[in-house]
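Please work from the sequences and hints to get the whole structure.
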Amino acid sequence: MYAYTGRILHIDVTNRKTSIQRVGPDFIKKYLGGTGLATRLVYDNTPKGCDPLGPENALCFAVSAFAGTTVPVGTKHGVAAKSPLTGFIGDSLSGSYFSEMMRRAGYDGIVIKGQAPKWVVVFIDDDDIQFLDAAPYMGMNTLETQRAIRERLGDENVRVSAIGPAGERLVRYALIDNDGRQAGRSGNGAVMGSKRIKAIAIRGSHPITVADPKGLMEASLRLIKASRGPGTLKYRTLGTPANVLNLNKMGLLPTRNFQETVFEEAEKVSGEYLHERYHVKSVACAGCSIACEQWGAVKEGKYKGAMIGLDYEPLFAVGPNCGIGDMAAIIRLVQLCDEYGLDAMSTGVVISWAMECYERGILTKEDFGGLEPYFGNDDAAVELVRRIAYREGIGDLLAEGVKRASERVGKGSEHFAMHVKGLEMPGYDVRSLKTFALGIAVVARGADHNRALSYEVDIKGEVDRFKAEPGRGKLAMEKEDFACILDCLVLCKFLRNCFTDFEREVAEIYTMATGIPLTPEELKQVGERVVNLKKAFNIREGWTMADDWLPPRVLEDPLPSGPGKGVRVTPEELRMLIQDYYAARGWTPEGLIPKSKLIALGLEDIAEEIGVEEPVAAPAAGEA
Amino acid sequence: MAQPVYEHIICDPAKCTGCRLCEYACAMVKTGKFDANLSRIRVVRIEPITMTAIACRLCADAPCIIACPRNALSRSEKNGVILVDQDKCDGCGWCIEACDFGAIVLNPETKNAEICDLCQDLEGEPPCIAYCPVEALSLGTPETLRQKARREVVAKLFEELFKE
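Those protein sequences? They're chains A and B, same order as listed. Our numbering applies: residue 1 is where the first sequence begins, and numbers increase by one. Our numbering applies: residue 1 is where the second sequence begins, and numbers increase by one.
Careful: at least some of the hints might be erroneous.
Claimed, not checked - Every beta carbon over 10 Å from chain A, so not counted as near; a handful from chain B, in silico:
| id | residue |
| --- | --- |
| 1 | Lys33 |
| 2 | Gly80 |
| 3 | Ala149 |
| 4 | Leu161 |
Claimed, not checked - PhoX-like mimics (lysine-lysine), calculated; alpha carbons at most 20 Å apart, straight line:
| id | chain 1 | residue 1 | chain 2 | residue 2 |
| --- | --- | --- | --- | --- |
| 5 | A | Lys249 | A | Lys493 |
| 6 | A | Lys234 | B | Lys15 |
| 7 | A | Lys225 | B | Lys15 |
| 8 | A | Lys479 | A | Lys460 |
| 9 | A | Lys467 | A | Lys565 |
| 10 | A | Lys214 | B | Lys30 |
| 11 | A | Lys214 | B | Lys33 |
| 12 | A | Lys225 | A | Lys493 |
If you're looking for bench data, these hints aren't it; they were derived computationally from the structure. Don't be surprised by glycine CBs; every beta carbon is placed ideally from N, CA and C.
Written as structure tokens, this is what we have:
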């Protein structure tokens, strides 16, 4: 095979056993790589009902078909496991050098199971798998760990995926960091911590060969040029923080735990403000021609010395959503999250929930160990991030995520616990984005913009964003499938506007790289297949219709101000949208997948396990 | 006669994003495979934001040529690149030790030292420059760099003067 190696590495850290699973082109073509392949590996290697933080959960890595090649923004990998936040599929993406080294070490995927008796660093050196004592690295933050391991092994080519103090303490939204990029959402850092793996170091010596070097080089150059065009201008100049002012103007910027959607200090936390006052450098992932990561540094004041590559989602979460309008504080907070190894999105939404609890008197100064976390109190936020990472005091509760924390605290705090399926909400208020409200309610990973992607049709004005109507189910499905294709290949979503005929162009490049024939139709079907596979995993793990739902605040509290004033998503609207979506997918009205559907998607084995018989068409009303 | 001045690959660290597409392109053009270790241009990335790419700088008094015990290295009269005589070179690595920039590769397959030759046998600009998405790479001499720096600093100075 070209590009691919056809090898999946299995590691059991309990008894330090390793083995190689061979996979052929027919198998790999169905999932491509990234989150598709990683999800399939999770499905196959976890027993039904396993504890996400127990030895039976499988932490799975899968590389992009394009890793380490000139195909721009293709040097990425997916990480998946059963999520400790949701109990469903937890699939995240990361990128950069680690992805390249994984392929060059000879693996398309890595499956890690078990629980080490003592903390270890797993060192994958081509075919040689070593288990190093992790004691020297315990307590180190994510980046320190990577540096220290590289230093100890004496080679810059060793790339490391590491957890920080939060992952060591099984914070349910802990992340895995490699090269300053993160497999951020859904708590894969906690899964890694539960296996007592502080880091995975990897070094590969094999070159990557491709089927059609000349064709691939030419196609790469075309894509690199396209990726410098208008389709990515936003990412290259202000980066994703460019969203702040747009979303604020549209009344979509979650403010003070989604109580409002217009932030009075938006100007001061905007991409423009960041660029003008804090910007020091644009940085790229390995193999990326866009370089969206806009690094900001604080040069004075109490956060002097703080520095981070800032993206919109972490910014919204710890900024406006916590009532914080100080860019320097936001830079510091996101940096702390990255260093402790916390998903800054979940962290921000958990803290904003805690702040609302404090303001409403549900949690007191005493509960917070002397802190007064009113909205806008950045000192309290900084301290809370630390306590969460170390599970100190109230941090132990907050480390459980907003779903569990609100269930434990009660007193009406569930009403404003902003999550779907246990995953904290992203930075778009869905009340005036009806297609996206649907997308986020049904997507397998929980509240997630990257998997749903349907905010696009609402925000770009392709549909009336205030209106819930039949047809949105199909739209939400199409966006979700499209996003899924990118996540499987993997190509970064920021490249998505750089194609004229996406499926045809990408299928061609795929075949040039891998030598595996792939038609545009087959590529399209991968998206649908993997979305169904994720749903199948969730069903196996006990999903019910009640899990496809939105937080009470979205359903009951109309927006207090802004262009969407008075708007909410009513339960009736949501029910209608969800039925529309299930029907578009060919699922039953209960949201289950018919056997015939799974078989048509080439998931025969799964059809046996979780597929349902085709529902008998109900006679239309009026017919006797 | 004045010493001839040769162009070499220059990277602007302010523009370089650390993406390494130059390495991937170089390795493919020179070896037919993607193997950044064999690339003759290497990106140095000191986290988080210090980054630049380094290729042979065509030193005027090249220590690699002097260091080679087999006289395998010589300078091209045409464009100044360091040529490696494949028959004489036995991969001892003295040239690598002598190079202050870590710009010489030892290819384990050919067992030869390999040095950026500006892809002189290809038409058009070297692929590393063509594939650089941010125009951080260019061909230049110390003199063209000096000129560019002077122009930039003066332009900036006057821009500020007129602002006030």
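Hint check results:
1. Once the 10 Å rule is applied to beta carbons, Lys33 of chain B is inconsistent with being away from chain A; the minimum gap is 4 Å.
2. Interface exclusion of Gly80 of chain B from chain A stands, the closest Cβ pair being 27 Å apart, more than 10 Å.
3. Even its closest Cβ contact with chain A, about 20 Å, leaves Ala149 of chain B beyond 10 Å, as expected for a residue assigned away from the interface.
4. For Leu161 of chain B, the non-interface assignment is confirmed: its Cβ lies about 21 Å from the closest Cβ of chain A, beyond the 10 Å cut-off.
5. Pair hint Lys249 of chain A plus Lys493 of chain A does not hold up; C-alpha atoms about 24 Å apart against a cutoff of 20 Å.
6. At most 20 Å may separate the alpha-carbon atoms for a hinted pair to count; Lys234 of chain A and Lys15 of chain B meet this at roughly 17 Å.
7. The straight-line distance between the Cα atoms of Lys225 of chain A and Lys15 of chain B is roughly 16 Å, inside the 20 Å bound, and the hint therefore holds.
8. The straight-line distance between the Cα atoms of Lys479 of chain A and Lys460 of chain A is roughly 13 Å, inside the 20 Å bound, and the hint therefore holds.
9. The hinted pair formed by Lys467 of chain A and Lys565 of chain A meets the criterion: a straight-line CA distance of about 14 Å does not exceed 20 Å.
10. This hinted pair checks out: Lys214 of chain A and Lys30 of chain B have alpha carbons roughly 13 Å apart, not beyond 20 Å.
11. Between Lys214 of chain A and Lys33 of chain B, the direct Cα distance comes to roughly 11 Å. Compliance with the 20 Å bound is thereby established for this hinted pair.
12. With a CA separation close to 16 Å, the supplied pair Lys225 of chain A and Lys493 of chain A stays within the 20 Å bound.
The structure fails hints 1 and 5 (numbered hints given earlier, in ascending order).
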